[in-house]
Amino acid sequence: MIRKLFPAIKGYGKHSVGASLMIIVEGVLEILIPYLMTKLIKQGIEVPDPNMSVILTYGGLMILMAIFALLAGALCARLAAVAGTGFAANLRNMLFRKVQDFSFANTDKFSSASIVTRLTTDVTNIQNLFTILIRMTVRNFIIMITAFFFAIAVNAKLAIVFAVAIPLLAAILLIIMIKAHPMFEKMLTKMDLMNARVQENLIAIRVVKAFVKGEDETVSFEDSATALRKAQLAAERIVIWNNPLSQLIFYGAIIAVCFFGGKLIVAGDMGIGDLTGFLAYIGQILSSVMMLSMVFISFIITRASQKRIVEILDEKIDISDDDADPELSVADGSVEFENVSFSYSKNPDNLTLTNVSFKVNAGETIGIIGGTGSSKTTLVQLIPRLYEVLSGSVRVGGHDVCEYKLHALRDKVAMVLQTNLLFSGTIEDNLRWGNEDATGEQIEAACRAACAHDFIMSFPNGYKSDLGQGGVNVSGGQKQRLCIARALLKDPKVVILDDSTSACDTATDASIRKALRTELKGTTTFIIAQRIASVMDADRVMVLDDGKLVAFDTPKRLLETNEIYREVYESQMKGGDEA
Amino acid sequence: MSNAPKSSERVARGPGANNRNRFAKPKNAKGTFLRLLGYFKRYKAILAVVVVCIIVAALANVAGTALLRPLVDDYISPMLKEGATPERWNAFGGQILKMAIVYIAGIICVYVNARLMINVSTGVLLDIRKEMFAKMQKLPIKYFDSRTHGEIMSRYTNDTDAMREMLGQSIPNLIDSLFRVSGVFIMMIVLSPALTVVTVVMLVLMILVVKNLGKKSGAFYKKRQAALGVANGYIEEMSEGSKVVKVFCREEKIDSNFAVLNDNLRRAEAGANTWASILMPIMGNLSYIQYAITALLGTLMVVAGLNGNYPALVTLSAGALVSFLQYTRNFSRPITMMSQQFNSILSALAGAERIFALIDEEPEPNEGTVKLVNAGIRDGELYECSERTDIWAWKSPDGTLTRVRGHVCFNNVTFSYDGEKVVLDDISLYAKPGQKIAFVGSTGAGKTTITNLINRFYDIQEGEITYDGFNIREIEKDSLRRSLAMVLQDTHLFTGTVRENIRYGRKDATEEEIVRAAKLANAHSFIMHLPQGYDTMIVDDGENLSQGQRQLLAIARAAVADPPVLILDEATSSIDTRTEALIEKGMDELMNGRTVFVIAHRLSTVRNSNAIMVLEHGKIIERGDHRELIAQKGRYYKLYTGAFELS
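Sequences listed follow chains A and B, in order. Sequential numbering of the first sequence, starting at 4, is according to the numbering used here. Sequential numbering of the second sequence, starting at 2, is according to the numbering used here.
Rather than coming from a laboratory, the hints here were simulated on the basis of the structure. Be careful, since some hints might not be right.
[As the list claims (entries may be wrong)] As a list, the in silico DMTMM-like pairs of lysine to aspartate or glutamate whose alpha-carbon atoms are at most 25 Å apart: (1) A:Lys-189 / B:Glu-238; (2) A:Lys-408 / B:Glu-252; (3) B:Lys-131 / A:Glu-218; (4) A:Lys-349 / A:Asp-326; (5) B:Lys-139 / B:Asp-128; (6) A:Lys-467 / A:Asp-432; (7) B:Lys-136 / A:Asp-195; (8) B:Lys-131 / A:Glu-203; (9) A:Lys-482 / B:Asp-491; (10) B:Lys-139 / A:Glu-203; (11) B:Lys-372 / B:Asp-399; (12) B:Lys-639 / A:Asp-457; (13) B:Lys-520 / B:Asp-563; (14) B:Lys-620 / B:Glu-571; (15) B:Lys-131 / B:Asp-479; (16) B:Lys-433 / B:Asp-479; (17) A:Lys-45 / B:Asp-74; (18) A:Lys-160 / B:Asp-74; (19) A:Lys-319 / B:Glu-238; (20) B:Lys-131 / B:Asp-361; (21) B:Lys-478 / A:Glu-225; (22) B:Lys-139 / B:Glu-501; (23) A:Lys-101 / B:Asp-563; (24) B:Lys-139 / A:Glu-225; (25) A:Lys-467 / A:Glu-444; (26) A:Lys-189 / A:Glu-203; (27) B:Lys-143 / A:Glu-203; (28) B:Lys-520 / A:Glu-573.
[What the hints assert, rightly or not] Chain A is faced by these chain B residues, among others (derived, beta-carbon under 8 Å): (29) Met-80; (30) Leu-81; (31) Phe-93; (32) Lys-139; (33) Ser-243; (34) Arg-251; (35) Leu-287; (36) Leu-301; (37) Gln-327; (38) Ile-455; (39) Asn-456.
Everything numeric in this text was worked out from a predicted model, so none of it was measured. Cβ coordinates follow ideal geometry from the N, Cα and C atoms, glycine included.
One chain only, chain B, in its complex shape (with noise of 0.2 Å):
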């Protein structure tokens, strides 16, 4: 009776829950639950009250069903055959209140187990859920480029799921069922080891069906997931392209190809649910083969009892076969579960093993000693400063200060992101303090993979790059990426209000710092026509902006971190030259004074640069100014001139 609805569990399932693989396996089931269950050592003595509870709720389960043989052969048998005197009738109200007594307890237990275990479970995957993001923070960028945002999401969603029904339902249920199994079991021997060998039999036999049924299903399922994958895809893919099939009114060959998938979703769907759904009528009603089978033999057996002519062990007291028969009702219910159970586990701790395994990934190195402090400069002397000034200054571990300039030299860099194909080959430039570097060439030249080779989102094969005379290497990241600022081509913002995404470049900046900036990016004006100016809440990376305010912001963002060194990566591809050209002043003044580097498909905007460097296929083919270029009539001459080049 302990199959109350967990409706609960059908309520809290996100989106997705449905395409969890109910059949995968861990890899190492013994290893990854002994480490899950290190999370539980914090709630040691909460668990040891739990498992008292489960004790007692399964004993008195067993024990009000035993409690029930003598009710019928000790008390009403005597009162039938006897007469009903008041001593009688007071025995058996006594032993109904010993009944009530142990039901109330077991009730009591149900309810303090399942009160402490939410808070355990919860608890649990409170600590799982914060270790993992933690870490995901330290994971290089390499890692999410190897993986789809789906299959890390998942980590959050079905894998925690997963494991929170596990923790909340699957092992409790497990633990209860299994005990109550051997209670059940124990008890049966004592009223009649006859009749378990029945039971035993059919256990085995329920046992086989499981496990014949459960291989099946697994099959059904495997392919019902292909299909539901392949017809999912297809609506996600035609729901995002649909105006694309209107434009080229493809509408009805679109349907047709989909209810071919669907109708193979469909097959599939139907075989699958057919072997998951048929297990439970049949259990059930093995169990009622089961019961059927005891009644009768167990009725003889009664018959044989009366006629004194047998040996003890094939006969049966009238009550003992009605409490026997109750504990085959409780028997095979349990045993049911159990089966089911088994699985999802096994799967919730495959879940758990794919949340270890992003949890034991390799963070990403920070071997650097070199901090970037605030510092002033008292006598010509540079000192470090708590408070912010606009002079930064290296912090060796020796104690002293070099003053950041932003002096960037690549000497022979070699890069490749897989080790194979070779992205940059043999780059050497440098950048001196205040000088704007512009880099230009075709998609896949280069020009993004340098500016992620500065700031360490990458680590170089050979060569070096120094910073103001340190290699990047001796510098601590978080130091060396807040000493630069970028404007990145996807421009993200993130859920929260203007005012909130704009001060994400520095988190102490005032009021006025940040609307300074607002007003440097040209931000300001569509900033305050806003429905809530600086408070408009930003949702969804800011899909209620167009995609040129959203660069607008970045560059505020950028703006108010105020760093030494600026990298501006199609900062402003999405914003029309009108604009560009109205912000031209607001850029001046932001990169005035800053090591600057630019790279842009639009000529106009990097013209202005110290040094153009001209990429291709991981090379730098040309450098030089606007003017030198332009003389040198190459690739840059070429590719500025080829606006001109029909007028």
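Extracted from the complex, chain A is given alone in its bound form (with noise of 0.2 Å):
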């Protein structure tokens, strides 16, 4: 699993090779100084004439090595953050080009919010891994077999000490971590249920003081306060065994070799210096054994982040154009199904749009009514290639929408989303979105059109208005119009607007209908709404029922033969009738 993240370190190889070089330097040093040392105090302790000269040559290298080491472990500290941050950027951009491939299908797989966890939260946590990497990980692994090489050196009979204490300390922080991990989990569940209270409060704050039920949800809240101090609890209890006991073996291992080091100096087989160096060496090799279990324990808690990074770099697009002729371009606005079905799960069984067929000319207006969950939605998107059909084809401007690259085709067929977005910047920055390069002139032929250009000129800034925080605010009509906007500027062969006026009164929703059918006279308009007076005006209007097209037709027509339509219409025209 983690081998697919290995390309992210493309570029900054250099840093993490040299990161782990200058650890290596740094660590070898500081083994070498305790070392330097035993043999300085057996010079000045030992030695019935103490040689001055040999003295000031171990202690001035000493000094030396300990300078060299700081710059080394400096040097280090310097290219390990290049590369880890270099590491980090790589994944997001990996990350964050493939999210931009996703089609419809791949982004409602993942919801929003995981995918900026993804690429926030879990990047962090493997950047953080692979620095320990880099840095922990060779460094602990040189000083605990170079330590164990010198005490062997100075003598093996005592570094069996180590031969018992480095496993034993290693089995214990494995062991405890093995257990604490999935209390941690437990612990964190409770935390995010309780997070989540929280923010449901905040969120519904009006509904809670609407009913009267502050004292209700500050219990409940306490409740779940309290199970998660349980679960904190229950994890801590079994972590905090690990500075005790590992503080045990390491004065065990101080007892040990001032027991059986004394045994040995009385017996003439160890100097008294060897055994201070001894001693410096018990606090080296066990905490890099420390340090190495954390470097385990660190890959271990990142497994779920990991996963998860690797989901998304694995997901499949479902919808390429590798095969789709690129010099295609949409001729007009025709638009043709011919019987075709589509599922969301991609399955026969479970059929959204069941064998819809209809033609419609260029430059026709299509009204589309059904009711909640008659799936008009669905079919739209199907247009601009939002989405597969499992079965039958799509065509547009006489060709099948797979012939053409998405670019060309989405270029031509302008979608106002019902869940729309503007984003921060200016409006113009918004609008630029349907063209880079519109001129002034276009921009307000588009707001004019969609009946934008007043209420703009209304703020400050007019088109220069920041929608940002701290900007302007937009209304959600005002939101809708401008979305409407953003797609004309496209200059596009087919329009869909879905739902798009909702917000906006009758009478600009009248309004924009009026400009579209003068001013885009060429341009196909499918146009969904919930308001019969918004469909009552097209060419023709597609009635769907459960995934299925019952009826498309003129809207006099369909009022004499069709009941779905004639209902929908009398429930909001019946008060019409006495004006």
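Since each chain sits alone in its own frame, please combine them into the complex, following the hints.
In structure tokens form, the structure reads like this:
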């Protein structure tokens, strides 16, 4: 799994290797220092007539080594920081690019919140792991091995202490972690539950207050907070063994070294200075064992993050235009469905659209109505090939949508989504999404057609008004009109409005439709609407029911022939008769 | 040797913890700290034990090292020089045993301390969380308007998390380090004042290094946070808008924009991480330099001692040197740790300050004394009763009962959210018991504001609102709100089953009442189609339901509350008109006998109201029933006939 992340090292391999090399230098120097010290003390204490120049040489050498170690350590920190952040940046780019390649079906699989988590928290976790790997693994491994080697060199018999202490310590640390890890997962779940509770109360604070539920909510919050405390206690109770048990081994090793070392000294097999050196090795070896087990633990802990990231990288893109004709462009706005069936789950037994066929000529205005869940949105999303049909074919401008490059197709089929969004930046920035090179006149014309020009000009900065935080506030209806203008700027052959004027008043709605008819004469327009008035002046209206096209005719005739259409009409219009 | 891996802390960090500002400074560190201490009062006895444990552990650590010195000088060396007798071996063994006992005592104290502290720290956290949430429920709507959810959420996540780290780790470690450092320092002076001078000089140097690095690190950290905010913001925006991106074929453009932001982040982060991670090798190796210098000087002093021509101050025994060197190793580590803990404590205190700020917020005023009670009628007289009847009464403090009828009046009400921009300007209106009053107007005209004033989400600046003759300020807030049921524009549901969500309207609703309310709202049939019917879990604010279904549930929730006054704010906006026609009967039944305020975009929803108010810029510009308004041929007429304009 982790192998999939290797390409992200690209460009920072040198830094990673350099960091590891520097840390080796530092590690070796750090071992040599106590070794030299042993010699130094031996010279000072045990030699009957101490040689001053030897003492000074050893001492000076030690200081010099420490200075070099400092430089190497600092250089390693720098290189590791560059490598780690570079690795993370590459990883983010890889993920972001992949997400851009996603089709709608891919996007539906991951919620936007989960994509954000993967690109932020998960990448940071992996980045930390990477930095730990290049800095800690090599270093501590080297320290452990070298120190052990020196310990053997000083006195092989005494080094047996380590042969016992190292595996014991590693085993204890791992057991604690393996036991604690699931407890912490549990604790995190409880924490999420509690936080979700708070979030819910924030979002719905008006409901809570309106129903006078503050006290009930407080009680249930206290329950989840208490459950969290319990879970935290259970987890921490295991982890707190970490410190005393490591200390037990550490001090146990000291006692053993003192006891057996004392015997060896008295027996004449070892010098007094050797004992001091040995004591220093205990600290070095055992703390590097701890660090190594920490690396291992970090690896385990970030496994979930690794998995989530690889999931994105491995996701199969289900819409591809590799076989499309790069020269082909949309010639006109005719749209034809031939026996189109569609299923979100790609399951022929669970169809969202069943066998839909129709033909729309270029320049027609088509209304689409149907109850909630009748698959109106699904139907229009097949036109710019946002989803792939299960069977049948969708043709735009006389060609199957699969024959076009996605870019060529979607450039000419403008869609205003139901859940539409504007982005931070100025109004103009947002409109330019439709056409990067639009002139001022073109932008204004599109906004006039979408009935947006007047309200835009009412803002102090007009088209330069900022829509981000602290910028101007636009109402739901205004937002919808900006989205329509943005789509119109594409100069499309087909325009699809998916319930795009629901928040506009009826008069605005009507004048937008009027403008579309006059300004975009050759453009085919699909209008999905709840409001019957929005489709009443269409050339033809589709009536959808439960994923089937049940009627497709002029509004006038539908009123006579189609019951669903008539019901909707009457539920909205009966007051009008009285007037 | 106390720096055992605290991997638990890594696991325990939730998302967003990375964004915590590690360099935030509290405004009033001392005050905040003292206030925080107040939460520990309950645990006084435990804390006394903890302090004893910390001291014993630190002493044991120092004493263990102190026992090392005589081990060489007084036990091993004599055996070398004068021969190893069994008595000498026994004494040697005794000394080792002493060491073992001291160490074990220390270890036991370390464990007991940790075990007790997790009880205390999680307990304190629980108390703070509880207090914060209870307080949050009492805050006025205004508080929530002026802050983002994320901002308030981070009190519960980042700020409490930082506090948890501080209580569980930083403070105990700081105290532990402090004891160790002072213990070691004293022992050093005892062993050799001359060599201690070297240590002090190095110590000053280290403190200077930490201070300077900290400053640099802080500056880079700020840069990194800014770059991170921009990049994460972009990721968030583009993930949310990913469908729009695809519809507009902006993938490549977005990609190259992100590459730029990402590279900025990389640079800033590389700088910040360099300075953050350079501290450890520098401090570690400075301690090695100190170690080397001490070893060199120490050896020279030992040699000088052998010569016997030097004053005692500059001489040293071999055993003393060994111990001193051991102390030197034990000295620098706690110093480095202390410097790091200091920063994290400061930032945690800054978080605590924000938490206390929330706790100290002014709660919603609730000066009213008139209470809502269940009532019955006996011999034409109202009397209070405990069981639920269909009759409600207002109970004044003097005990008099007034029947709740739902008579609401606005007299010259003027209101502004911010004290500057007037949202409602001199509004007067009345709703007689049982009437249906509708508000029509464009977004921002003030429709929703009117309903928010009735239930006192906000208080008016001028004029008065009366409810059955009482000024609503005289009515206790909970009673006031209990007498009104609201179906709000944004229907929010809670995590729990469908049944629990409907029961939200009234805790003691029976099963039949719930089903009846669901049927009334035409929600029963779709609920029965859900996988577990009424037991289906609703998650994430009802993500698994359509907006229309959520509205039906919200209506059922209001129906079960069964209050004298009903407020419907765009309650049916997401329900298609066919379904709306289907629930009309239920809605009529729901509204029957109640005073109802309706806000709707869709004019078909408000047509049959007793009075329709057309609002514009905070003023009522037209009022009357449907026929009257159509006859007036004013704004309402225009709005209404907009649909017919083209046919």
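Evaluated hints:
1. A:Lys-189 / B:Glu-238: 31 Å, violated
2. A:Lys-408 / B:Glu-252: 14 Å, holds
3. B:Lys-131 / A:Glu-218: Status holds; Cα separation ~12 Å.
4. A:Lys-349 / A:Asp-326: Status holds; Cα separation ~21 Å.
5. B:Lys-139 / B:Asp-128: 17 Å, holds
6. A:Lys-467 / A:Asp-432: 8 Å, holds
7. B:Lys-136 / A:Asp-195: Since the Cα atoms of Lys-136 (chain B) and Asp-195 (chain A) sit roughly 21 Å apart, the hinted pair holds (cutoff 25 Å).
8. B:Lys-131 / A:Glu-203: 16 Å, holds
9. A:Lys-482 / B:Asp-491: Measuring from Cα to Cα gives roughly 18 Å; hence the hint holds.
10. B:Lys-139 / A:Glu-203: Given that 25 Å is the threshold and the Cα spacing comes to 16 Å, the pair holds.
11. B:Lys-372 / B:Asp-399: 11 Å, holds
12. B:Lys-639 / A:Asp-457: 20 Å, holds
13. B:Lys-520 / B:Asp-563: 14 Å, holds
14. B:Lys-620 / B:Glu-571: Within the cut-off at roughly 20 Å; holds.
15. B:Lys-131 / B:Asp-479: 21 Å, holds
16. B:Lys-433 / B:Asp-479: 23 Å, holds
17. A:Lys-45 / B:Asp-74: Since the Cα atoms of Lys-45 (chain A) and Asp-74 (chain B) sit roughly 15 Å apart, the hinted pair holds (cutoff 25 Å).
18. A:Lys-160 / B:Asp-74: Holds - the C-alpha atoms of Asp-74 (chain B) and Lys-160 (chain A) are around 23 Å apart, at most 25 Å.
19. A:Lys-319 / B:Glu-238: Holds - the C-alpha atoms of Glu-238 (chain B) and Lys-319 (chain A) are around 23 Å apart, at most 25 Å.
20. B:Lys-131 / B:Asp-361: Cα-Cα ~14 Å, so holds.
21. B:Lys-478 / A:Glu-225: 23 Å, holds
22. B:Lys-139 / B:Glu-501: Judged against 25 Å, a Cα distance of about 23 Å means the pair holds.
23. A:Lys-101 / B:Asp-563: Violated: Lys-101 (chain A) and Asp-563 (chain B) sit about 52 Å apart, past 25 Å.
24. B:Lys-139 / A:Glu-225: The hint holds at about 15 Å.
25. A:Lys-467 / A:Glu-444: 15 Å, holds
26. A:Lys-189 / A:Glu-203: 21 Å, holds
27. B:Lys-143 / A:Glu-203: With a Cα-Cα distance of about 18 Å, the restraint between Lys-143 (chain B) and Glu-203 (chain A) holds, given a limit of 25 Å.
28. B:Lys-520 / A:Glu-573: Distance of about 24 Å is within 25 Å: holds.
29. Met-80: This interface hint holds because 5 Å falls under the 8 Å limit.
30. Leu-81: 6 Å, holds
31. Phe-93: Constraint on Phe-93 (chain B) satisfied, holds at 6 Å.
32. Lys-139: 7 Å, holds
33. Ser-243: Holds: closest Cβ of chain A sits about 5 Å from Ser-243 (chain B), inside 8 Å.
34. Arg-251: Holds. Min distance 6 Å.
35. Leu-287: Since chain A brings a Cβ to about 7 Å from Leu-287 (chain B), closer than 8 Å, the hint holds.
36. Leu-301: Holds, because the Cβ-Cβ distance from Leu-301 (chain B) to chain A comes to roughly 7 Å (cut-off 8 Å).
37. Gln-327: 7 Å, holds
38. Ile-455: 11 Å, violated
39. Asn-456: At about 6 Å, which falls below the 8 Å cut-off, the nearest Cβ of chain A leaves the hint on Asn-456 (chain B) intact, so it holds.
Hint compliance for this structure: hints 1, 23 and 38 are broken, all remaining hints hold.
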